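Single-letter residue listing:
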Amino acid sequence: MTSTTDTNVPLEGPTPDDGLRAAEQSGPMLAADGTPLKRSLAKALRREKMRALMLIAPLLLFVLITFIAPIGDMLLRSVRNDIVSNTLPETVEQLASWDSTQQELPDEDTWTALYIDLVLAEEQKLHTRLGSRLNYELTGASSLFRKTGRAVGRFDTDVYTDQFTELDESWENAATWVNMFSESDVADALPLTARTWERWADYLESEGDVPAEEDVEDFLFTALYKDLTREGVDVSGLSDRLQQAAAAVPEFETVSLVEQFEDADEDWLDPAIMQTIQTYSPRYTSGYFLNAVDAQLTADGVSARPENERIYGILFKRTIFMSLTITLSCIILGYPVAWILANLPTRSANLLMILVLLPFWTSLLVRTSAWKVMLQQQGVINDTLVWLGLVADDARLVMINNQFGTIVAMTHILLPFMILPMYSVMQTIPPSYLRAAKSLGATNWTAFWRVYFPQSVPGIGAGSILVFILSIGYYITPEIVGGTTGTFISNRIAYHISSSLNWGLAAALGTILLAVVLILYWAYDKIVGIDNVKLG
Amino acid sequence: MTSSDIVITATEKKPVSFYASVAAAAGAFAGIFVGAAQGSTLLGLICGAILMAIVAYVAVEVLGREQEKPLRWGLVILFAVVGFLFGGTPGGVIGALFGWFFGWFVYWLGFNRYRAHLVPYLTPGQVFWHYAFRVICGAIFVFLITPILVVMPLSFNAENFFTFTPEMLRFDPEGYSLRHYRDFLTNTEWTNAVKNSLMIAPVATLISVSLGTLAAIGLSQSHVPAKRAIMAIMISPMIVPLIISATGMYFFYSKIGLVGTYWGIVLAHAVLGIPFVIITVTATLVGFDKSLTRAAANMGADPVTTFFRVQMPLILPGVISGGLFAFITSFDEVVVVLFVGSAELQTLPWQMFTGLREQISPTILAAATVLVAISIALLTVVELLRRRSERLRGMSPG
Chain A
1447 MTSTTDTNVP
1457 LEGPTPDDGL
1467 RAAEQSGPML
1477 AADGTPLKRS
1487 LAKALRREKM
1497 RALMLIAPLL
1507 LFVLITFIAP
1517 IGDMLLRSVR
1527 NDIVSNTLPE
1537 TVEQLASWDS
1547 TQQELPDEDT
1557 WTALYIDLVL
1567 AEEQKLHTRL
1577 GSRLNYELTG
1587 ASSLFRKTGR
1597 AVGRFDTDVY
1607 TDQFTELDES
1617 WENAATWVNM
1627 FSESDVADAL
1637 PLTARTWERW
1647 ADYLESEGDV
1657 PAEEDVEDFL
1667 FTALYKDLTR
1677 EGVDVSGLSD
1687 RLQQAAAAVP
1697 EFETVSLVEQ
1707 FEDADEDWLD
1717 PAIMQTIQTY
1727 SPRYTSGYFL
1737 NAVDAQLTAD
1747 GVSARPENER
1757 IYGILFKRTI
1767 FMSLTITLSC
1777 IILGYPVAWI
1787 LANLPTRSAN
1797 LLMILVLLPF
1807 WTSLLVRTSA
1817 WKVMLQQQGV
1827 INDTLVWLGL
1837 VADDARLVMI
1847 NNQFGTIVAM
1857 THILLPFMIL
1867 PMYSVMQTIP
1877 PSYLRAAKSL
1887 GATNWTAFWR
1897 VYFPQSVPGI
1907 GAGSILVFIL
1917 SIGYYITPEI
1927 VGGTTGTFIS
1937 NRIAYHISSS
1947 LNWGLAAALG
1957 TILLAVVLIL
1967 YWAYDKIVGI
1977 DNVKLG
Chain B
-1 MTSSDIVITA
9 TEKKPVSFYA
19 SVAAAAGAFA
29 GIFVGAAQGS
39 TLLGLICGAI
49 LMAIVAYVAV
59 EVLGREQEKP
69 LRWGLVILFA
79 VVGFLFGGTP
89 GGVIGALFGW
99 FFGWFVYWLG
109 FNRYRAHLVP
119 YLTPGQVFWH
129 YAFRVICGAI
139 FVFLITPILV
149 VMPLSFNAEN
159 FFTFTPEMLR
169 FDPEGYSLRH
179 YRDFLTNTEW
189 TNAVKNSLMI
199 APVATLISVS
209 LGTLAAIGLS
219 QSHVPAKRAI
229 MAIMISPMIV
239 PLIISATGMY
249 FFYSKIGLVG
259 TYWGIVLAHA
269 VLGIPFVIIT
279 VTATLVGFDK
289 SLTRAAANMG
299 ADPVTTFFRV
309 QMPLILPGVI
319 SGGLFAFITS
329 FDEVVVVLFV
339 GSAELQTLPW
349 QMFTGLREQI
359 SPTILAAATV
369 LVAISIALLT
379 VVELLRRRSE
389 RLRGMSPG
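In order, the protein sequence lines correspond to chains A and B.
Heads up: the first sequence runs through residues 1447 to 1982, numbered per the working numbering.
Heads up: the second sequence runs through residues -1 to 396, numbered per the working numbering.
For reference, chain A alone in the conformation it holds in the complex (with noise of 0.2 Å):
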């Protein structure tokens, strides 16, 4: 497609005939307006280039926003972790330097950081959310979480306010918190309390409250008693309320958080929940892929899952072997007919293939209802069978919601995937070579085995391949006629989508199911070529 203002071109300008002329003379051959044909060359090859890009452009960035980004973003959230060190943070920093292989608990500091940590949770309602992440890898944490929420607002840190406030009236004012922390050497001096009090102003604020107009809460005087308590603390120069303090703190009485803990739940004393939460904090982990392989990410590292809770290798591997056997089923159906179809007169085979190419073109869930009806108890292959007297009427087959159902409909579906390849593949092998093999004295079956089958194998390869990659990730006909014992790995990722909320986990399952699917779409590029693919 040249523009049209080439056609255009003056008549007094330069002509091929002068290109021609100019080259005849000397120097680097010329274009007809004058450049170097190496130049002007290329300068067209850069202008289709670009014409050509600007047509893929559109499409290439709308399937990179509305496909690419969310598989990536699905890919992100089988590693991502924040929620332990967005809920937990100052816990998380405490436990930063615990060293969990003593078997002991942490020290004081700790459970103050998490008794923070868990007032702020509880009042956004986050610490549920929190139980439940943690659940995933130490069963209980999720009721542990819920009852401490519960218990974490009755603490007998009330002490501390009481005697705070026995020391000067105004700290029970939250207008003295918002004016103490506008100072910044304040909260140099007091580094946790202002993390504490900013924290919680900050929720104040998007719930829409003031903070200068509510109750200040027990958990910050417990900030303040312990950043008072804390060696090397300095207020001088600080205000005088803050200075009294100071010199008051070593008197007071005290209340051990850990007993607190104690009280609300005994499982806090046992040191595998401190030991979950510091494993998990960091904002990445490979905790939801050693999941999905049945093991897990422990204090001590990465071990197996106990025998009884290894699901996913299990249902790995049935997945892979379901769809071996329907990749199997549909060579062994699909090689004679495609074989029938390539050799048959043209307008018969095209008849025929109208019984290909109808199921391919109806609707996945009708064929997938045809099955259920066919295989159902009370249905129809059970009640001709019964009708005929083969199968008596109290011992009708089972053949539905099993891995039989599975693999009948599945290969039933997907057929027609295998044969069309096939065909097209047998359509361009010359009927002269068998007759040739056979004139030499072959047998029939060393003519088709030697002559014809290896022939035919591209069409096999393109039609397996095709096969497995569909019926690796099928979700709907397994979630239908499959029951418990013939659904795939993509039921599982849809239950914990839709049901178990671990999305995670539902994440990580998802990108190894991804990475196998990419590894076979990768080989069928190699063997096949995606620009060869046919449809109908």
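Hints were generated in silico from the structure; no laboratory data involved.
One thing to keep in mind: the hints can contain errors.
Rough simulated footprint, nothing fancy, chain B against chain A, three-plus residues with beta-carbon under 8 Å [said to hold, decoys possible]:
#: 1; stretch: 1489 to 1495
#: 2; stretch: 1498 to 1509
#: 3; stretch: 1515 to 1525
#: 4; stretch: 1831 to 1844
Straight-line alpha carbon distances no greater than 30 Å define the calculated DSSO-like cross-link-like pairs of lysine-lysine that follow [unchecked claim]:
#: 5; chain 1: A; residue 1: Lys1884; chain 2: B; residue 2: Lys12
#: 6; chain 1: A; residue 1: Lys1972; chain 2: B; residue 2: Lys12
#: 7; chain 1: A; residue 1: Lys1484; chain 2: A; residue 2: Lys1495
#: 8; chain 1: B; residue 1: Lys67; chain 2: A; residue 2: Lys1972
#: 9; chain 1: A; residue 1: Lys1495; chain 2: B; residue 2: Lys225
#: 10; chain 1: B; residue 1: Lys67; chain 2: B; residue 2: Lys12
Note that the structure is a prediction, hence the values are computed from the model and not measured.
Even for Gly, the Cβ is constructed at its ideal location relative to N, Cα and C.
Dock chain B against the given chain A, drawing on the hints supplied.
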């Protein structure tokens, strides 16, 4: 003269020991089923064998070729009557089919007609394999098509069952009704689902076809950098398992507020339909003669005019069949709708899927029959378009 009329090997009478024994074996096989249905397998087997041996002998030796027509009709009527006495109307129908088949079968065997279309030098084993292979292929075709055919009569069931009732098998008009179709057309759950599907699919198709055609034209030009990689990305929505696409879209679309919205589903369906448009349009462009566009430009047409007046009419069949593929993809898609959709945006497949999981009513079968009718229509259109496209490009005379 079609190829089936050509006789390669002469037809002649076969020895009685051959055709009578083969007919007896076939009769015995059929007798097993009849006998089992009536209570005694062995009796059915023996009766079938004897009966068919006699029929074959009478047909070939006594009546011969001249009396073929009356004998075959006689057999059909005889078997139909016997079948009716044993098993009522369904028995009668099956009996008539048996009679028709055996009438044809004994003549086919007795007068060597099975060799008529085969080359004369084949051994008996090769002839046997030739027909055995056709029987196997026939069985596979039956496997392919039966599930779709079974759904249709069942959708006229008068009862709320997913199987044939005795009334239906008796061909009793009482056993049939249009109630499931009435339900399908009047129940708001179903009509809303159809409406939603019809609102989503065309828009999604429009997006995939317009973007896909442009990109396919771009891809078909020479010198496209990273062509293979771009192609791989554009085909990937077809290859990546739907559950993974749905998962990713659910996460990502919920972030940008598209989950549960009309446009969320439309965009998702559009991207799922793109590979089909790309594949079909690229295939059409393979045979496209580039000199046509150059000729158009030479005569003063600008690129837009060239596209709409020269290129578009030629690749239109490919574009339309790609569009039909995209349409059926959207119209048939359920996994992504389950994740990205919402209760108000239930599509027809969603409705069928939940219906199948909870086994509500055979209205599903009525819906399925309607869908089969639609797919037959679409298949016809695509096939006609394919032929037209090949004719336009001069690839085949047909």
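Results for each hint:
1. Given as covered by chain B, the stretch 1489 to 1495 of chain A passes the check, having 3 residues with a CB less than 8 Å from a CB of that chain where 3 are the minimum.
2. Coverage of the stretch 1498 to 1509 of chain A by chain B holds [criterion: at least 3 residues with CB-CB distance below 8 Å; count 10].
3. Taking a C-beta to C-beta cut-off of 8 Å, the stretch 1515 to 1525 of chain A contributes 7 residues in contact with chain B, enough for the three needed, and the coverage statement holds.
4. Figure legend: the stretch 1831 to 1844 of chain A, annotated as covered by chain B; annotation consistent (4 residues with Cβ-Cβ distances under 8 Å, at least 3 required).
5. For the hint pairing Lys1884 of chain A with Lys12 of chain B, the CA-to-CA distance comes to about 28 Å; that is within 30 Å, so the pair holds.
6. With a C-alpha separation of about 56 Å, the suggested pair Lys1972 of chain A and Lys12 of chain B falls outside the 30 Å cut-off, and the hint is violated.
7. A threshold of 30 Å between alpha carbons decides the hint, and for Lys1484 of chain A with Lys1495 of chain A the separation of about 16 Å falls inside it, so the pair holds.
8. The suggested pairing of Lys67 of chain B with Lys1972 of chain A is violated, with an alpha-carbon distance near 60 Å, which exceeds 30 Å.
9. Of the supplied pair hints, the one linking Lys1495 of chain A and Lys225 of chain B holds, its CA atoms being roughly 11 Å apart against a limit of 30 Å.
10. The hinted pair formed by Lys67 of chain B and Lys12 of chain B meets the criterion: a straight-line CA distance of about 20 Å does not exceed 30 Å.
Hints 6, 8, counting from the list given before, are not met by this structure.
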